[in-house]
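S.K.: Could you put the whole structure together from the sequences, leaning on the hints where they help?
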Amino acid sequence: MEELYGVFTTVIRFYLCRQLGSQDLDDKVHDAFLTITQSIRRGDLREPERLMGYVRTVIRRQVAGYIGTAVESRRNLVDPDHGAVLRDRQPDPERRAIEGQNLDLAMRVLNTLPRRDREVLVRFYLQEQSPRQICRDMGLTQTQFRLTKSRAKARFTELGQARFARRLGFSASAVTRRNEKAREQAS
Amino acid sequence: MASKVDRHLDEEAAEKYSLGHLSARKAAEIETHLLICEPCRQAVAASDAYVAVMRNAAAKLRQEEQRPRRKAAGR
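Residue numbers (the numbering used here), protein chains in the order written: chain A, 869 to 1055; chain B, 3 to 77.
Don't read these hints as lab results, they were simulated from the structure.
Honestly, I wouldn't trust all of these hints.
[To be verified] Straight-line alpha carbon distances no greater than 27 Å define the calculated BS3-like cross-link-like pairs of lysine-lysine that follow:
(1) 1021/A - 62/B
(2) 62/B - 1017/A
(3) 1021/A - 28/B
(4) 18/B - 28/B
(5) 28/B - 1017/A
(6) 18/B - 62/B
(7) 18/B - 1021/A
(8) 18/B - 1017/A
[Said to hold, decoys possible] Covered by chain B, per the in silico footprint, the following chain A stretches (three or more residues, Cβ under 8 Å):
(9) 879 to 886
(10) 915 to 923
(11) 960 to 972
(12) 988 to 994
Heads up, the beta-carbon is just placed ideally off N, CA and C, and yes, glycines get one too.
M.R.: Here you go:
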């Protein structure tokens, strides 16, 4: 059971954190684990080879339940006599600092790109237009579209690595040289 | 032959998953694979972070681009 707990809680944590954030995560993970083990004991899982699909279904139901409860309690917040408490949903200061640094990096990447490439990325990531629509509207091929995205991602990764290296005392140019060398070897 | 659930995610699939651009069936396959594959979970986590930061940066960029236009229109 201990081994099962170790295996399951890692994956349950990943799903719940991704869908619901880190608030009360340990409690939610524990609840999900109990639900899964109890339903297995009850014999709800008829085909053992479908275990992971079953786990996924249980977690998704649980996520839907939490979202339903959150919606309900938010609705009740308009009633001041209800007694619901507004929780702080902001990320912790360290997380916020990292996100701020990453945002600066992404802005640097976008600002160094040609206007057309920037437009592609804004349409894709912000306006959520499909690649097909972007290519049609901007007269691009699928390959040009993919290249624009992958160049921006490579630049972002490179700047991120350089920042990390500076913190550790390496120079940014050394990281860039190493990346160029790796690319040459790969091509 | 490896089943669909055993297949690792490539970068494009991870990004589509992060953006929610997959069919329910494909997303279910990926999610079931993620339950058994730590490297793919890491890839999805990295993809989630990248998509989120690019979305925020694109929104900020749009705001900055529109600011001078609004100023000019207000004159």
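S.K.: Hint by hint, note whether the structure agrees.
M.R.: Verification of the supplied hints:
{"no.": "1", "hint": "1021/A - 62/B", "in the structure": "holds (18 Å)"}
{"no.": "2", "hint": "62/B - 1017/A", "in the structure": "holds (18 Å)"}
{"no.": "3", "hint": "1021/A - 28/B", "in the structure": "holds (24 Å)"}
{"no.": "4", "hint": "18/B - 28/B", "in the structure": "holds (10 Å)"}
{"no.": "5", "hint": "28/B - 1017/A", "in the structure": "holds (23 Å)"}
{"no.": "6", "hint": "18/B - 62/B", "in the structure": "holds (22 Å)"}
{"no.": "7", "hint": "18/B - 1021/A", "in the structure": "holds (15 Å)"}
{"no.": "8", "hint": "18/B - 1017/A", "in the structure": "holds (13 Å)"}
{"no.": "9", "hint": "879 to 886", "in the structure": "holds (count 4)"}
{"no.": "10", "hint": "915 to 923", "in the structure": "holds (count 3)"}
{"no.": "11", "hint": "960 to 972", "in the structure": "holds (count 3)"}
{"no.": "12", "hint": "988 to 994", "in the structure": "holds (count 4)"}
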